[in-house]
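Student: Spelled out, the chains give:
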Amino acid sequence: MGFLDTLFGRTKPVQPKLDDLFGLPSAAIQLEAAMGFKPTGSGSVSFRAPEGKPFADIQKEVLELLAMDDGKPGGGLPVEVTKDTYGYTWLVSNHMSDEIEALVTDLHAVNSALVDGGFGPQLLCTLVAFTDDSHRRLSLVYLYKRGTFYPFAPLSGNNRDNALELQAKGILGDDLRMEQDLTRWFPVWGAPGL
Amino acid sequence: MATQTRYAPDRGLTVRMTATMFLLGLVFVAFVALIIGIMTAAHASGASIILVALIFGGGSAFASLFFSDKIALAAAGAREVSPKEAPELHGIVDRLCALADMEKPRIAIAPARMPNAFATGRNSKNSVLCVTEGLLYHSGLTQEELEGVLAHELSHVAHKDVQVMTYASLLAIVAGLLVRFAFYSELFGGGRRGNNDGNAALLIPLIMLASAVVYAISFLLIRLLSRYRELAADRSGALLTQNPSALMSALQKVSGGMNQIPTQDLRAAEPLNAFYFAPAMKLSGGNGAGSLSAIFSTHPSLDKRLEQLQKIQRELGQPGADPRGIQ
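Quick mapping for you: the protein sequence lines, in order, are chains A and B.
All the letters of the first sequence, read from the start, carry residue numbers 1 to 194 under the numbering used here.
All the letters of the second sequence, read from the start, carry residue numbers 1 to 327 under the numbering used here.
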């Protein structure tokens, strides 16, 4: 925030950065090669739905955009809309586990539609889920406002596997811009699509 | 890319805030000029006194700013809580901070039963957001309403309100000290310099009068500024959560205003209207803009705050209200 914004108590809405999302497919290859984690094929976009009617329109538009894939052979599976306990809306896109690129394209399309509609500042995060043979879970969370990724590895009972997360951070450092400030690695317990 | 935003800046609020800060500065400058003028007229040196007042006043203000988080937490008897202890509270703040792209403040809970929350700290790194147990457990706030309150407090952190208000009141502190120093220096030092007694006797009431006027004016201006900062925090908080209604109902619940919404059917209540004299009077009295208590208050009246939030509510309902708007 600039000096004048502080002086006048203004908040500039923070616009999201979207293009970094396309680094995900190569990061997925890295994760599989180095740690044995494969994409589960599901990813989700989380945003804050504002009150008022226009958002219902945007939501409908986004759903239509994603559902169009259904017509294509081998296209996307149905998209679910859920609301989490914190009041954020999650759009979950499910693909086959080897379709990470299609998944990322879908997620990017959702994000662009929301940004074009003027809802960029409301985007919270995008999440792509991975799992390994022993069913450990790891997800990469993309923070729009920072343009950075961080790993989130939930264990049972609201614990997180910090060792696994730090390992993933080290491996992905070359492919993705990882969030260096660990205090911003906030947990997304029970996020849909995890 | 046809990016648009629906955040309309509130220019009126900015203008009013600028005017208040300008007046505050003006009062201070005028006061210093007046003191120097009076001192020169009495052939006393004012420069050293002003310098000492600046150092003392600045020092105490800086100390209170620097330790504001510790002082406030200790005063409220609050205890910092980890994400494990208060996962829901941390979860809400985590998400709001990610939305606003700001550093997460520390979180504390105070044992008071009164529903309230405050944020303090000299910068975003040292900020603490404190909520009372009353707000969490006894106020009956829903999660959305609690989020609205937290977003309001986070906006205070983002706007650096603790700093701004410290600097604003610094002027008043220095002015107050100046008066006291001038008073004592006249009392003890004036005689030795051989000024005639009549001059000094006239000087002290003059300075006391000036001090009273300056103190009163700057006090009112600081309170006014504080109310504008509250409105700005309401606004930013509502825009952050995109949910002004939740903040509105939280405000009403916390300030006990829920009772103002009649639960009785209007037609049923009508015959009894004659008996509702007191509540009706109370309502118009609390309306605030012109009443005396309103200008001494650090917070705007509930009606003012609700009115502003209602405006935001309407703006959110309109797509693309101001494509180049920032705020």
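Worth double-checking, as some hints may not be accurate.
Quick list of in silico lysine-lysine cross-link-like pairs, DSS-like style, CA-CA up to 25 Å [stated by the list, open to error]: (1) A:K169 <-> A:K17; (2) B:K125 <-> A:K83; (3) B:K125 <-> B:K84; (4) B:K70 <-> B:K104; (5) A:K17 <-> B:K104; (6) B:K253 <-> A:K169; (7) B:K104 <-> A:K169; (8) B:K125 <-> B:K104; (9) B:K70 <-> A:K83; (10) B:K84 <-> B:K70; (11) B:K253 <-> B:K311; (12) A:K17 <-> A:K60; (13) B:K125 <-> B:K70; (14) A:K169 <-> A:K83; (15) B:K104 <-> B:K84.
Each pair of labels, with its calculated beta carbon distance range [unchecked claim]: (16) B:Q143 <-> A:E101: 47 to 55 Å; (17) B:R314 <-> A:K60: 18 to 26 Å; (18) A:H135 <-> B:K125: 36 to 44 Å.
Source of the hints: derived by calculation from the structure; they are not laboratory data.
Every residue gets a Cβ at the ideal spot worked out from N, C-alpha and C, and that includes glycine.
Student: Taking the hints in turn, state whether each one holds.
Tutor: Structure-based check of each hint:
{"no.": "1", "hint": "A:K169 <-> A:K17", "verdict": "holds, 20 Å"}
{"no.": "2", "hint": "B:K125 <-> A:K83", "verdict": "violated, 32 Å"}
{"no.": "3", "hint": "B:K125 <-> B:K84", "verdict": "holds, 21 Å"}
{"no.": "4", "hint": "B:K70 <-> B:K104", "verdict": "holds, 17 Å"}
{"no.": "5", "hint": "A:K17 <-> B:K104", "verdict": "holds, 20 Å"}
{"no.": "6", "hint": "B:K253 <-> A:K169", "verdict": "violated, 44 Å"}
{"no.": "7", "hint": "B:K104 <-> A:K169", "verdict": "holds, 21 Å"}
{"no.": "8", "hint": "B:K125 <-> B:K104", "verdict": "holds, 8 Å"}
{"no.": "9", "hint": "B:K70 <-> A:K83", "verdict": "violated, 38 Å"}
{"no.": "10", "hint": "B:K84 <-> B:K70", "verdict": "holds, 22 Å"}
{"no.": "11", "hint": "B:K253 <-> B:K311", "verdict": "holds, 20 Å"}
{"no.": "12", "hint": "A:K17 <-> A:K60", "verdict": "holds, 23 Å"}
{"no.": "13", "hint": "B:K125 <-> B:K70", "verdict": "holds, 13 Å"}
{"no.": "14", "hint": "A:K169 <-> A:K83", "verdict": "violated, 29 Å"}
{"no.": "15", "hint": "B:K104 <-> B:K84", "verdict": "holds, 16 Å"}
{"no.": "16", "hint": "B:Q143 <-> A:E101: 47 to 55 Å", "verdict": "violated, 37 Å"}
{"no.": "17", "hint": "B:R314 <-> A:K60: 18 to 26 Å", "verdict": "holds, 22 Å"}
{"no.": "18", "hint": "A:H135 <-> B:K125: 36 to 44 Å", "verdict": "holds, 39 Å"}
Checked against the numbered hints given earlier, the structure breaks hints 2, 6, 9, 14 and 16 and satisfies all the rest.
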